Structure formats: structure tokens, C-alpha cells
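A.B. asks: As a plain string of letters, each chain reads:
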Amino acid sequence: MSQHLRRAAFSLLLLLLSFVPSSAQTALERVRSSGVLRIGTDATYPPFENKEDGEFKGFDIDLGNAIAKEMGVRAVFVNSNFQGIFPALQNGSFDVVISALTITPERSKTLLFTDPYYDAGQVVAIRNDRKDIAGVDDLRGKRAGVQLNTTGQFELEKRGGVEVSKFDTMDLAMLALQNGQIDAVVGDAPTVRYMIRQSFRSLKTIGPQFTDEKYGIVLTPGSEDLRDEINKALKSLRASNYNQLYDKWFGEEAEKAAEQQAARTQPKAFDLSLLRHAWPFFLKGVWLTARLALLSLFLGLPIGLLLALARVQSLRLLSAPAAIYVEVMRGTPLLVQIIFIHYGIPQAFGLSSPDPFVSGVIALTLNSAAYISEIIRAGILSIDAGQMEAGRSLGMSHWQAMRRIILPQTFRRVVPPLTNEGIALLKDSSLVSVLALEELTRVGNQLVGVYAAPLTIWPMVALLYLLLTFPLTRVAEYLERRWKPVTRS
Amino acid sequence: MSQHLRRAAFSLLLLLLSFVPSSAQTALERVRSSGVLRIGTDATYPPFENKEDGEFKGFDIDLGNAIAKEMGVRAVFVNSNFQGIFPALQNGSFDVVISALTITPERSKTLLFTDPYYDAGQVVAIRNDRKDIAGVDDLRGKRAGVQLNTTGQFELEKRGGVEVSKFDTMDLAMLALQNGQIDAVVGDAPTVRYMIRQSFRSLKTIGPQFTDEKYGIVLTPGSEDLRDEINKALKSLRASNYNQLYDKWFGEEAEKAAEQQAARTQPKAFDLSLLRHAWPFFLKGVWLTARLALLSLFLGLPIGLLLALARVQSLRLLSAPAAIYVEVMRGTPLLVQIIFIHYGIPQAFGLSSPDPFVSGVIALTLNSAAYISEIIRAGILSIDAGQMEAGRSLGMSHWQAMRRIILPQTFRRVVPPLTNEGIALLKDSSLVSVLALEELTRVGNQLVGVYAAPLTIWPMVALLYLLLTFPLTRVAEYLERRWKPVTRS
Amino acid sequence: MIEVTDIVKRYGSNTVLNNATFQIKDGQLTTILGPSGCGKSTLLRCMNRLERFDRGRMKIGDVEVVGTEDRKLTPAEEKELTRRLRERVGIIFQNFNLFPHLTALGNCMEAPMTVKGMQRKEAEEIARQYLQKVGLAEKENHFPAQLSGGQQQRVAIARALAMEPEVILFDEPTSALDPQLIQSVARMLRALDSLGKTLVVVSHDMNFARRISDQVIYFEGGHAVESGTPEEVFGNPQKAETQAFMRSFHEDDDSVVDQIATGQPESEKLDTDKGTRGTLGQEE
Amino acid sequence: MIEVTDIVKRYGSNTVLNNATFQIKDGQLTTILGPSGCGKSTLLRCMNRLERFDRGRMKIGDVEVVGTEDRKLTPAEEKELTRRLRERVGIIFQNFNLFPHLTALGNCMEAPMTVKGMQRKEAEEIARQYLQKVGLAEKENHFPAQLSGGQQQRVAIARALAMEPEVILFDEPTSALDPQLIQSVARMLRALDSLGKTLVVVSHDMNFARRISDQVIYFEGGHAVESGTPEEVFGNPQKAETQAFMRSFHEDDDSVVDQIATGQPESEKLDTDKGTRGTLGQEE
Ligand SMILES: Nc1ncnc2c1ncn2[C@@H]1O[C@H](COP(=O)(O)OP(=O)(O)OP(=O)(O)O)[C@@H](O)[C@H]1O
Ligand SMILES: Nc1ncnc2c1ncn2[C@@H]1O[C@H](COP(=O)(O)OP(=O)(O)OP(=O)(O)O)[C@@H](O)[C@H]1O
Ligand SMILES: [Mg+2]
Ligand SMILES: [Mg+2]
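Chains E, F, A and B supply the protein sequences, listed in that same order.
All letters in the first sequence, in the order written, are residues 16 to 504 by the numbering used here.
All letters in the second sequence, in the order written, are residues 16 to 504 by the numbering used here.
All letters in the third sequence, in the order written, are residues 810 to 1093 by the numbering used here.
All letters in the fourth sequence, in the order written, are residues 810 to 1093 by the numbering used here.
This is chain E alone, in the form it adopts within the complex:
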């Protein structure tokens, strides 16, 4: 599961730990009296939990129901995106969280875990045609792909002797493996298996899970009684029908079923159902990107105009600095400019760094202004010299002629290149993610980590950018038509 999400959720958690709602009843009493066990889950992680046309489905769901049954109550599932799930648990929106959560010492500090209910170890994936690798131990001296900062990576590095290629996202690792650029991939068993079924039919997992991450059910500290009750339930389940439950979701025929199902949808089409879960993230990203780009464009235009004007007039005192500014701002990488504006400058003046968004907008503005100025300058120079002469001869000052005669003719000419710049800004804004701003590209990366379908998420991201540029280009087209110079015929 994506690092970002996990960290984000965790910080939020720490933040909210403070105000736990004080309730007269204990957790268990509450459940008993109400007769319902409210279960929070992030239904975006099949085969553990996801929503198919409104229906909760998955191993965790069945498990939740089974447990409730054992306890003689009814299970009610509440869908909550992962970032919100712990805070929601804290303020009592539900009693437990069952959402394929790994039991970690880190979390145990602040949360209450039941006994583990699922063993999600690491597995090795290879190509179907690969014969010489039978398990993790055969990876000695081979190239194995992992996702950055996941158990898989740490494990391999602990063992050593394997050349570890770290990928930003699991899917990239799988792609690399499929394309034969690496020998194997190591990752969470369920995730890997799921991915293979969904999008990488030419790969297979081998050997046993060689570590154990265990999933557990989460409660808030203080609801020990409920925890114990659930543990009892789990124990008796293990004794009875846990196994068939397991087989239903992870057994042979499950695999087969899934494969058939997947086979029907091969190659994986553009799966809109994902949008149902992803849209809040996308929305956030799109909104941030749009704000960054538009703000910078509209702030960059006047500055660019001034720079252009400074360069087309004769006073060296004005034109020289403008020229240098353009040379430098275009010459140096935006990333460096962002880092300097956010870290360097404040440090130089002993100030604390500004809000990342502000730094981002400032950097994008100053940078785009340089490009815009050159576009406008070219436009101004393309206007026939006779126009300025005519204006001046009528008594206008250089600036008056500029404003009233030259610039109006210039703007209609520079609409297309200015559109270029606007669109470029939309893209460049993704660089501010270095300030940990979660704009569209970053969000895409995160979601690709969550869902197994890179070839679904990336087109989605692309599409969203397309949708972002669309209004821009439409406006540009309109202006072009609107300002079309009148010609003889």
C-alpha cells in the first residue's frame, strides 16, 4: 500500500489522537446494545475489499460478517478512504477497521490490534517461462525489482547478494519484469498475485511467502473488551469455516475464476469503476494543479509583458537587466528555482520557509514570465515599423503607441505560443511536488501504487490533464477567431 497514503494517514492520526470521544459505555456495550458492529473499510483493495456496483465484496467483508454473526450482531460496513479511516475510527464513526492493515510496531503504539487474521508475506514473481528460479534463495546475483521502501526491498537488502532495482511503483517493477529487464519481483503476496491476475498474465509467483506480514483488525485504544470478544470470534472461526472462506478468495478455483474473469477483460480496458474510488484523490490533484497553473499564468503575463516592453525599447538601463533576467530564468531548471525559493532564499535571510503553495506559485510565475516575455517580444517585433511611425507622427508617446497600436495587434498574433506556455505551465506545475504538494501527477503516482492497473490510472491522469488543457485551448481558439485580422477577402 502506498507509502504516501500510509504516512499521510499516520500523521493525521497523531494529530487527532488528542480528542478521543469520551463515551459512557464501553465499546463492547455499545455494540451489544445497538446490535450492530460498524466496520470501517477502504473498499479499494481487492481481493480484500472493494465495491462492485454498490455491493461490498471481498475477504475482509466476509470475515467481518462472520465475526459479527459469531458475536450475534449485524455487521454494517462504512466505506472510508484510507486517509480518513483512522480519524473516523477515532471519532467513533465505526467500531473497528478491517481493511487489510498490516500489524506494525509503529501502529501498535497508537492503535489496538486483534490477533492476526491473514498472513500476507512476501512472494517472488517471475516470468512463466523462467525455469531457474524456484524461490527467494535463487535470487543470488540476479536482478530483482521491488517497490521503493516496501518490506520487499528491506528484506532483500537484509539478505544481500541480490541486485535490487527499486521502482517508484509496483506496476513499473512488474512491467520491467514482463519486458525482461529484471529477473524477478518481490512484494506483498496478495498485491503481487492480484496484479498478476489483473494485468500481468505472463508472470507467476513462486515458492512460499518468505516473510510474514500479518493483517489484523484495528480498534481504538480503550476498547479492549471488544478486541477480546473479536479475538474469541476469530479463534472459533479458525476452528470452523475460516479455511473455506480463505479458499473462496485465495484458493485455486478463486484464482481460476478470477483468471477467467480477467481473461474476458483482456487486455484490461479503461476501467471506469476505478474512478468511483479514485475520484476524490484526482479531484484534489486537479484542483491544486489548476490553481497553480492559472495563478502563475495570470501573474506571469503582466510580468512577461513588462519584460518584453523593457527589451524592445532603446534604454539599455532597462533592456539589459530584462535580457539577463530572461537568460537566467530560462537558463536554469525550474526545479532548482523552486528549491531555492522555498529553502535557499528563506535560509539566506534567516526566515522560515513560506507555505509550499506560495513558493510554488512564485517560482512558476517568475519562470514563466521569462518565456512569456520572449513570446510577446517576438510578437511586437513582427508588427510593421510603419505602425509605430504612424502612431508617433500623430503625437503619441512611445508607450501610448505601444499600448493602443502595437500591443493590440501583437496579442492576436501571439495567442498560439502563449497557449503553449499556459499548457507547459500545467505540466511544469508537477515539479512543485518536490515541496510535497500533491498535484495531479503525484496523485497519479500514488493511485497507481494503490490499484494494480497502471495502464488504467496513467491514461486517466493523461485524460485529466487533457481536460485541464481543453478549456485553455478552447479559449485560445475563440480569441484567435475573435481577433482574426480582417483581410481583403
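To be clear, the hints were calculated from the coordinates, so they are not data collected in a lab.
This structure is a prediction, so every number in the text was calculated from the model and none was measured.
Quick reminder that beta carbons are idealized off the backbone N, C-alpha and C, glycines included.
Be aware that a few hints might be false.
[Claimed, not checked] Below are the DSSO-like pairs computed for lysine-lysine, each with C-alpha atoms no more than 30 Å apart in a straight line: (1) E:K229 / F:K157; (2) F:K146 / F:K157; (3) A:K1048 / A:K868; (4) E:K499 / B:K930; (5) F:K157 / E:K173; (6) F:K173 / E:K250; (7) E:K229 / F:K173; (8) F:K499 / B:K888; (9) E:K157 / F:K299; (10) F:K157 / E:K299; (11) E:K157 / F:K173; (12) F:K499 / E:K499; (13) E:K173 / F:K250; (14) A:K888 / E:K499; (15) A:K1048 / E:K499.
[Said to hold, decoys possible] To spell it out: a stretch of chain E is covered by chain F in this simulated footprint if at least three of its residues, at any positions, have a beta carbon under 8 Å from a beta carbon of chain F; those stretches are: (16) 387-397; (17) 436-446.
On the provided structure of chain E, position chains F, A and B with the ligands as indicated by the hints.
C.D. replies: Quick look at chains F, A and B with the ligands alone, frame taken from chain E:
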């Protein structure tokens, strides 16, 4: 030390392990007979080893000399950049490597290590004014910064309870700490100390090193006899003057001395001496970036021109597709295009991925062509309709008039915006690092990891980009002057 | 033989050519006279297919063009038509439209090279020869922006002549020329004419027109009011419009000068743009 | 009073104005005649400070300008100078230079509004009034590209007049105009002149010049060869150049027509660009 470097070196190593030169003598015999111990080192990692005006300096250097003395031979140091150091050791360019190398099981598989000679554990750094943190255990519930994939991160995550912020590079973590965005930084003791001395005087390290990474001297498998000899030497050194040697470089007065020295050069000026070590890396990056950008620009120009021509003529059959192409290529993020061209398309057609460089150039070309086409189109539209009429009335075909009358006038007008595009390409080429191409930006990131001075490396990177754009802008200026339309006065 | 029959050309609601009809014999020099805005330039532009007319027929040599409302051409047909038309017909624009990025010489060489595929040397020769004829031999390396109005106009003439078309359309070839140049242009036209070329000249310069034309067509309100030999049209014009127009052209008749001084009423009749043409006389 | 004294203007090696010297009294209408390329436009451009001349002095009203070689002005001085000069002096360009993005009306309103800070309504009134005078009342909403050559020229005239300058420089105000319009322009100039405005008109139209001017200056090779009343200059020119130039202007004298027909030698003398002006006669 940078992940990238380590991995790169390691893969090179594996590659070269095959042809170990078969030598009659054993390693020890060779040393004895020649009377010199040839020591390889990457003199870019003070205080262990660096070159000050041609002189090897540092703890490892002194150690090397001491060991040689013990063995009754003379030490000769050979400087080799880290990527080349193991291959060089393999093919016998020197007998041992002393270069602050951590002993890892991974390396032990393929290399011969002596007993550890230095204990480089993890330390915690905080702001001088911070009182409430006395050691790693006080980090519970605090925000601690680490470098991605370093022992520091893994340690903290093992311990848990700490909110770990992962930074791409150590220096960014230090900056964040200095700016009070995090509470502490955890990292390799020597590195952290060195950084603090060099660039972060407002920070300090606290508590003991709470892990032990040990540095060892490296030999090739097969030179066990030499290894044993060196271990003897080390043992007797520990008995004698190892401590004063240690104090000389890491003791109080060393720190003071260094601080005074640093103080003299505060705030750290643009330290050109770094260039001496970094230039080979920079060179590689610059060269790759330049090739990517220029190739794409020159391939993108004709394509862009064709697109523009397709759009300014009346046949919908040609103009419509061109318009759509532009809309889509400008609309979607270059990163996505790169990934699709390198992974998506080959996968779709069951081909294996092309060479990353090729994929990169293709993506950049197709992308820039869209922007270029809009620039040229705007230029064409800015030419007075009378010109086309005049050409046509003389019997020229639409295309002849375009080629001979319109375009020549267009190009002089679009030089500035085209320069914009060329420069943008230089920057965008950094996106191909997603295909693990080590262009300038990536190299910068790596070097910042190696050296402690972000505010030295980043300006250097910026400067190099500036130097890359410089010829471009000069040529543009020249063309502008050269093509300046003749005016009345 | 050029036959123009009932040509109609509109710009939106504004009918610029209104059933214009006339013939021009091969090898003749025809001058088109008429008040400003009566459609002369438009006519020439239509004859060169720079603009399409809405209705009517036009026959130049064996090339026939019909109005767009009568028949829509396919792009291919259109292309072929214009090609054939333009290899016969050259035009000199009222506002020159010189190529600013080329020297006077370059302006004249361009078309022969690209269209006729001449060698540089050959084209250069021809270009020089015509620049010579218009007396710009030594300005050949000036760019248009470095030339005076008259010089620009002469470059435009040379550029058109260099293509040696059968039919040449001049839109006010002398507007910016002094009497001496007007004469040499006149001489040039005559010579071309005697070389069997067909010339159509739009001009405001009556003397010029009277002096050199075989045929004069008086244009007004978008159609050819009257046509005939200079003697006929200048001597005893038949139509009222023509008479009115001619009356304003007898400088030797001093009464005109007085007219002007006093701005007497008849000037109200001098209305061509259907807008009332004001006279400061009214204010005095 | 306009005094031009020994003005020299060079383009590189090419001396365009060569010690030009003349005076013009206030409220007079002066016509400058001369062969193409003799420097007339350049002179006007210098008088409007669109170009700087190298040597000599020029006094327009109380504004004095000296050649750049004699005295270099600071940007500030330059700015002030041009401002003062241009609020007195208006110019009408040989190639109009209309503002393509503005309608005929807009072209005439722009300056009054920006420079004189008039209100839109006020400016509109004035603009309409002058468009009226040049007979373009009903084209006021056309863009330059939608206007005929003559109409464009008249918009240019109206645009300049709308600023109501004391001195008006016309660079061939009638090149694209038909006789009727030439008359009304003549009338207009007269009227302006009777309003006490000083007018400098560059023209090739002798009749026009003779008819309306108080003073005629004959220009050639960059300096004023001869100046005087129309009667003097046209009647009995003193200088050889003037005579040669005048000879080519007596349409009633049929010999000229013959000359042209036969292209007889004297035409060789008709050289203004120092380049040999070829005549097709030679080829016949
Ligand atoms: N694109 C256009 N839209 C509307 N009206 C136009 C357009 N182009 C020209 N006109 C009108 O068509 C009429 C004829 O124009 P044209 O240029 O043919 O006149 P002309 O006879 O050449 O006049 P002149 O002798 O002044 O050049 C003019 O009244 C002009 O206003
Ligand atoms: N920028 C320039 N560089 C070089 N020569 C130039 C430049 N501009 C004008 N000239 C030359 O200066 C001379 C005078 O030009 P000018 O336009 O003043 O002539 P003119 O008297 O107005 O002629 P016309 O009556 O044809 O308009 C011409 O010979 C022209 O070639
Ligand atoms: Mg016309
Ligand atoms: Mg002129």
C-alpha cells in the same frame, strides 16, 4: 553514500568479475616484491579521503600509510571515481581499496573485507536550540527526517513510533531541519557531522551512534594472504597509535579546527574544488542532456513545420488530424508519453522495450513537435495576406509561395519562441530519468547525495544548464540580428 | 480575347461588381477609368482569380471562369484553373506587395526561378533587364524598405513583367510616379502592346490614359458604363456619368479652377461612394 | 515660418538630402515637385522627426532642430523636441500606414483620444466630420483591408486632419485618387490653407500643384533646385533641370506624344536615379 552510485558500481562489478587477471604471484608476494601497497580510493568523501590541492588527505589516507609502514612497504594512493573503483580493483590497478566502504553481506559475497577499522553508526541531529531531545529514544511521536533507503530510515521504521519524513537527499533533510519543518535528522555519523560542519552550523548531533555500520578495507577474492597481513597491521595499530589517528580526524580539536576552517569560509562560497571530483559525472550528464535535447529539437522542427503547414491550409482532411495531434500531445503529460512509448506500446505489441535513450528521444520529439507547430503556425498567420497573393499571382503554387515567400519571413519572426521551446526541451529532457537515464538533473541529485553541499551542487547544476542554453540563445540572437527585417530607418 | 459578361461580386451586402460586361481584343491596351471605390481593383483581382466572383462569366484566352453561384469547383479543378489562368495573366498591385525579405533583384528573380524553373543566372539576367527598363538598375540590391514609393512601384512592375505573361493587369501603375517616369512607363506599355501583349490598366491619370490606350472603359458603381477609343470616350462621352466625370478633367479650361476655388454646387453631383462627399466649400 | 537650411541626410554612402534649403511662410500652401527617389518623402519624414538628418538646421515655428552631427541630443531632449514638433506637425504617409485593427472611424479617433485626451463621443464627432469631408461617411465602419486604395488614402488624410495640426505634410495625397476626388482634396487643402494652416504637399500631379499652390519647390538630387510661385516655376523655369522636367509636362503639346512613341534621344537626359533609365525604344 548515494544509492545510485552503490548500485551502479555493484552492477559494473558483477559484470567485470568474470575476467580476473590470472597472476603468477599472490597479492602479498606482489606487494612485498614491489615494496609498494597500491591503495585505491575515491577522494571525494572528507573527512575520510579527499584531495586538497593535489594532496591526498584524510583518515583513510593516514590509515593506509600507517598500515603500509607496519608492513614495511610504501603506500601509493590511486584516485578513482566510485563507479570505477571495483572494476579497477578487479583488473589489478591496485591491491586494496580504502574508501569509507561499509561492510555489507551483499558485498561480502563478492569481495574480501578486512576487519572493520571504523565504526560509522547512525546519529541523531537536531537544532542547537533544541532541548527536549537527548537521543534517538526521544524521537517517539516526533518528525524525523532521513534519506530515502538509508540505514537511518530502516532503523527508525524498525523502532517505530517516529514519524519518518523521507527525503530524496540528506541535504534536503538537513535544510528542512534547519527551517524547523522537522524535529531531527538521522543518518550516517560521519556524513551528518561533516555536513553540519560544512553547511549547517545551526545543527548539532546528540547521543551515541545507535547502530553500527563498520567500514572495512576491500580486496579481491584470492588475496587472502594480503588481507591477513593487513589485519595483523590493523591489530597492532589499534594497540599503538590508532586513537591519536582517530582524534586527529574526529576528535574534539579536529572538530574545532574544522569548524574554524569552515567558519573562515562561511557562508560556504561556490566551492570550485568540488568540480575537480564531480566533473566526470557532470560531464556525462551534460553530454546526455545535450544529446537528448538537440536531437529532439532538430527532429521536432520538421515535424512541427509539417503540422503547422497542415493546419494553415484549407483541406480538412489534413488540418483536422494535425489539430487533434497537437491538442493531444500538448494536452497529456510528457512523463506519461515517455512511459507509454517505453513500456506501454512495446507491451501492447508484445515487443521488448527499446533502448531508453531512443524512447526518450522519440517521446521528446513527438511532444515538442506539437508545441513547435503552434509557434510556426502563429508565425505564418502573422504574415500579411498580400504576400501570399503576390506569390500566387506570379503563378506560384500554394506550397511554392509558402516555401519561398511566407516561411522565410516566418522564421525570422519565430526565433524567440522557438528558442523558448529549445530551452524547455533541455529541461524536459530531465523527465527521461524515469527510464533510469542519468541526465544532468539526475546526476545533480546523486552528487548532492555524495557531497554535503547542496547549495554548491545545485547552483552548479543550474550553471551547467545555463551553459547549455547559452549557445542556443547566442545562436538565436545571431539569427535575430542576421534576419532582422530591413526597415526604412 | 478577354470577355467579361455580367460579373457580380459582393462583399456581404455590399455589391462591388454589378453586372460588369466588356470585351478586350488581344494585343490591345485598355485603360479602365472610374471613381475611387467603383470596383476597379476588385475587377482586376477577379481576373487574376485572387478573388472569386459570385455570378457571371469571364473568358481569358481559352480559360473560362464562371461565378461561384453558377458552378462550384472542386479543389482540384480550382487548382488547375488558377494555374492556367495565372501563367497567362500577371498583375501589378495597387499597394505593390513586394517581398520585404528579398532585394529588388530578388523580387524579380523569385518567380522565374520557382515557377519557370530557370537557373539563377538566367533569372538574374531577365530580372536585371526589366529593372533596367524601369530605371532601377542601380537599386537592384536595395530592399523594398530602402526604396522610395516610386521605386517600389517600378520594382513591382518589373517583377510582373519578368514573368512575361500574355495579359498584364496594372492597378494604377503610375500613381507614385513623376511625369518623366510616367512617360517611360507609357513607352514601356506601348512597346509591350506592340509585342502583342494584352494590357489592362487601371489609372486615374487621364493624360496617361488618353495618350496610350487603344480602348478606354469607364467604370462606375461596379459596372462598365461606357467603352470606346480614347477619342470617343474623352471626345464626346455618351453617358451622363461619363460626361460628369470628364468635365472635371479639363485643366486648360480655367473655369474649372474657379469652380474649385468657389466649390460651386455641381460638385454635389460628384458622388461615387453613394455617401455624400462633403466639401469644405459648404463651411466657408 | 518654416526654414530649412542646408539639410544633409545620408543612408550609408547614399546621400539622399544634399544641402536642401528653402523657406515656407506660415499659412501658405507649398508643393514640392520632383522626380522619384529625389528625397521628397525623406524630407517630410525629417520634418516630422521620423528620421534624423545628419547636418543642417530646420526651424518650424519656434521649434528648432539641428543635424545629429552638429549636436547630439539627450534622450530627454529628443523626447521633448519630438513632442513639441509633432503637436504642430501632422503627416500623411505615401503608403498610408493605417491601423489595420481599427475601423476607418477608429483610425481617426485614436489620436484625439489618447493624445488630446478627448472623450469618446467628442472624438467620434470630430472623426466623423473629417471622414465626411473626404466622402467616406458611410465607410466609417470598414476596416482598412475592406477599403479601396483611394478610400484608404482618404482615411489617412482624415486621420491626420483630425489632430488639427498647424502644419500638415502630405506625401502624395492624390496618388490613388480620381480627378473628382483630387478636386475635392484640392478644395480641402485650399480651405485649410485659408484657415491659416501651413501645408507642404509632395505631389506628382502637376495640374494639381499648379492649381492650388502658393509656392512651388522643385526638388532634385536631394536639394531644392528652384522655388517660386506656380506661374514662375511652371511658366518660365530658370534652371536647366526644372526646364527638362517641365518639358515632359505639356500634354496639349502633341510633340510629346510623338517623343514617347518614337522614344527619341532626349529621353536619355531624363535621369533622376543616376542609373541609366532604359527605354524599350532602344530595342525597337
Ligand atoms: N473585404 C471587403 N469587404 C467589404 N467591402 C469591400 C471589401 N473590399 C473592398 N470593398 C469595397 O469594394 C469597393 C471596391 O473596392 P475597389 O478596391 O475595387 O475600388 P477601386 O475601384 O479599386 O477604388 P480605387 O480606385 O480607390 O482603388 C469599395 O467601395 C470597397 O469599400
Ligand atoms: N533605408 C534606406 N537605405 C538606403 N537608401 C534609402 C533608404 N530609404 C530611402 N532610400 C533612398 O533614398 C532616396 C530618396 O527616397 P524618398 O522616398 O525620399 O524618395 P521620394 O522623393 O519620396 O521618391 P518618390 O516620389 O518615388 O516617393 C531613394 O533613392 C531611396 O532609394
Ligand atoms: Mg483600387
Ligand atoms: Mg516618396
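A.B. asks: Of the numbered hints stated earlier in the document, which are not met by this structure?
C.D. replies: Of the numbered hints given earlier, the structure breaks just one, which is hint 15.
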